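Q: Go ahead and model the full structure; you've got the sequences and the hints to work with.
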Amino acid sequence: MYEMQKIEKRFPGVHALKAVDFQVKRGEIVGLVGENGAGKSTLMKVIYGAYAPDDGKILKDGRQVRFDSPIAALKAGIGMVFQEQSLILNLSVMENIFLGNEAQFSRAGLIDWRAMADAARQQLKKVKLDIDPARKTSSLSFAQRQLVELAKVLTLEERVEGDLVILLDEPTSVLSREEVELLFGIIRELTKRASFIFVSHRMDEVLSISDRIYVMKDGAVVDVVEKGKASIEDIQHKMVGRAVDKEYYRERRRKPYDHSKVLVELDSVSLPGRVRDISFKLHAGEVLCLVGAEGSGREGIIRAIYGMITPTSGSVKIRDRHLPQVSPRAAAGAGVGYVPRERKVEGIVSGMSVFENMTLSQQSRFSKGGILNLAAERALARDWIGKLSIKASSELADCGNLSGGNQQKVVLSKWRSGGSDIMLLDHPTRGLDIGAKEDVYEMVRDMCDDGVGIVLVADTFEEAIGLAHTIIVVKDGRMRKRFDCGEGTAPTPYELLHHMA
Amino acid sequence: MNLERLKPHLPWITLALLVVIVSLIDPNFLNPASMLSLAADIVPLFIMALGITFAIYIGGIDLSAQSMANMVTVVATVLLTSMGAWVAVFCVLLGGLFGAFSGFVTTRFYVPSFISTLAVGGVAFSVAQWLSGQRSVSMNAAERDALFGWMISKTAGVPHELMIAAVLLLVCWFIERRTVVGRNLKAIGAGELAAVASGISVARYKTIAFALSGALAALAGLLFAVKLSGGAPSVANGFLLPAIVAVLVGGTPLTGGVGGVVNTMIGTLIVAVIRASMLYLEINATQQQMFFGLILIAAIALTIDRAKLKIVK
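Residue numbers (our numbering), protein chains in the order written: chain P, 322 to 822; chain H, 767 to 1079.
Bear in mind the hints are in silico, worked out from the structure with no lab data behind them. If you're wondering where the values come from, they're calculated on a predicted model, not measured in any experiment. Wrong hints could be hidden among the right ones.
Said to hold, decoys possible - Selected chain H positions facing chain P (in silico; Cβ < 8 Å):
id, residue
1, Val946
2, Arg949
3, Lys993
Claimed, not checked - Now the in silico label distances, taken between C-beta atoms and shown as ranges:
id, chain 1, residue 1, chain 2, residue 2, range
4, P, Ser710, H, Asn797, 56 to 64 Å
5, H, Leu776, P, Ser497, 57 to 65 Å
6, P, Ala700, H, Met801, 39 to 47 Å
7, H, Gly1059, P, Lys457, 40 to 48 Å
Unchecked claim - Chain H is nowhere near these chain P residues, computed Cβ spacing over 10 Å in every case:
id, residue
8, Asp376
9, Asp484
10, Asp532
11, Leu592
12, Ser682
The beta-carbon is built from N, C-alpha and C at its ideal position, and this holds for glycine as well.
A: Okay, structure coming up:
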């Protein structure tokens, strides 16, 4: 009924989808699983029309289709229930359900609210939600909102010809056990109206609801598992089980760190939101890796060390001292360097040259009385361009025009050239190609040799295991498990997944 | 050569084309004396535009510049006798203080700069009305000539106003290109989040940008007062629109991060030539703002970096 054949998608430096074949039959619930960065979200975006594939065919009801926008996909009967709910909270339930499709209730430009309410009740009945359609959406529980969202997508049934395909992106992440059961019951019943694609990192849920499960890894579908033919363990091994090359992560260069020298100490730190009671010490030469699901609080912990988030309780000490104030400026001044996940937004300033980017965090070292010493800045940049073999035409090149790997090297040299010896790396290899990743791993080892302490949020489990001395698993804002990765004591990806999911 | 590559060069190409067109219509336009006086006439506008450049460079806007200049014409006139030459220093500090206050409101309370500067401009305008009693006030001619006469005299046929403009341009250019302040303003305009993540105190530098803008608007007002030998709460009216046009057609987009004060000089010259051509074409002075309004819209549409704007309200 819905079929993808040999779908290809490339982004600069990344081969995001590799000849993906994907099929949904009428009334089927198809599971889609994979690690972060495996290509799930790209595939979903192709399905609901946010990305056009570079190559390959999409067939819907036997006809070849091509969507330039989510609206085009909607018109063909492909709807999406977003993870971050897309309802507008200050509108009523019925206004949300018919957002953009009010014309059917309008007479001479005025909306017939009673007709809309009746129609909304019909839609809500499909998802077994008995609420007043005129209620403000903000007064609903999360589970109810999820169902309203589903009802909204189900209006497609009346609006378009042909069968429906509905994408559910992590629909259970904010629901309780009972609510999940309720939702699953409704979805199973709705399979007579539509087919579903179910995306979740909760393996037990995927197994319990899906008729078939697509397992993705590195942009390709590595296996399709029929219902009842696989265990959670099997699927998890398929998701993460690449033969890991020891040399890839420079593991031979992982040396014991200096236990006597504490660089950062967190003591029962709680943050606004869900992060509670985080305590750890980062030592000189140590790579401490925070592992957890998206939204588990890893990024918040890093940002708290960098002074971007003020803890609600607990203390953050840098070199055994509290910073005079909680700010990135104070943290940077104390030798903390931050390599953010969003490289192009927070890492580099595109439109500024390589040398301007490198000295951005250390202008006081390159100025006297507020006047910059351009010659010294440029000399420093040339020096580091050489040291890290950054591919740029010169230190004057616009940083925004460099490749991702070289941009990342600029960000790293910004901090290292300023003498930062506490490095916070948030997904430092995200979106980089293999060679550039290896360069980053090499730099991680170099930094450890220099006595730098590193807090890392890795892109994959292998990366975490390959690089870290210490792994802390974070789930729902709390520390669940700590691993010391000595010789023979490193956890397997499966163990990590087991503690975080 | 594609359009993106051409874009940085558009301002001076536009200027050159305009000069050619106008001089074809009226060959007298190229007469050096008339060109000098044309340029001198635009100096107060240029100084105001220089200031606004800093606000726009960081991705903000300063709508208070005109009211600030109005206020300073009155303040300078009223205080000239009692303060003497120090009145100049006082006025510039006052402008800087008002600007810094706009910056404080913007950064501390997260009020968009177009509203904070509009409000502070309202305060400045009201101060001018109150101090002047809503009348024109005049300077003592002898005092003015003794203290500030040099501003509007000439040396070898070159108006001193042009030299003032040149010195200010040089100072502003130095701030923009050679100082920590300028570097940080650029970083904020081009990538504010990266500036934050690099440990730059963004609030402080934004406040400095608005303070610079206010101080330069005050200087523009001072020059006005000296030229007119007096002040009134409305003398600078009609300057805000052309000043913003000058910044934008010069090539500093509303989204900030690129362009700068040299661009604003080119933009101001474009505005000057357009004004002059309107005179030749006998377009009534009252109609000029219509054109500047339309040019402003065209300039914004041409220069704005849409990649930086997700939502416009």
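Q: Each hint: holds or not?
A: Against the structure, the hints:
For the restraint placing Val946 of chain H at the interface with chain P, the shortest Cβ-Cβ distance is roughly 5 Å, inside the 8 Å limit, so the hint holds. Given the 8 Å rule on beta carbons, the hint for Arg949 of chain H holds: about 6 Å separates it from the nearest Cβ of chain P. Interface restraint check for Lys993 of chain H: the shortest CB-CB distance to chain P comes to about 33 Å, outside 8 Å, so the restraint is violated. Distance hint check: the CB atoms of Ser710 of chain P and Asn797 of chain H are about 59 Å apart, consistent with the given range 56 to 64 Å.
Distance hint check for Leu776 of chain H and Ser497 of chain P: the Cβ-Cβ separation is about 59 Å, which falls inside the suggested range of 57 to 65 Å. The beta-carbon spacing between Ala700 of chain P and Met801 of chain H, approximately 44 Å, falls within the hinted interval of 39 to 47 Å. For Gly1059 of chain H and Lys457 of chain P, the Cβ-Cβ distance of about 41 Å falls inside the hinted range of 40 to 48 Å, so the restraint holds. Every Cβ of chain H is farther than 10 Å from the Cβ of Asp376 of chain P; the closest lies at roughly 26 Å, confirming the non-interface assignment.
With 10 Å as the threshold on Cβ separation, the claim that Asp484 of chain P sits away from chain H holds: the shortest Cβ distance comes to roughly 34 Å. Remark: the non-interface label on Asp532 of chain P is consistent with the geometry, its nearest Cβ contact in chain H lying 39 Å away (cut-off 10 Å). Every Cβ of chain H is farther than 10 Å from the Cβ of Leu592 of chain P; the closest lies at roughly 18 Å, confirming the non-interface assignment. Residue placement check: Ser682 of chain P does not keep its beta carbon more than 10 Å from all beta carbons of chain H (closest about 4 Å).
The structure fails to meet hints 3 and 12 from the earlier list, while all remaining hints are met.
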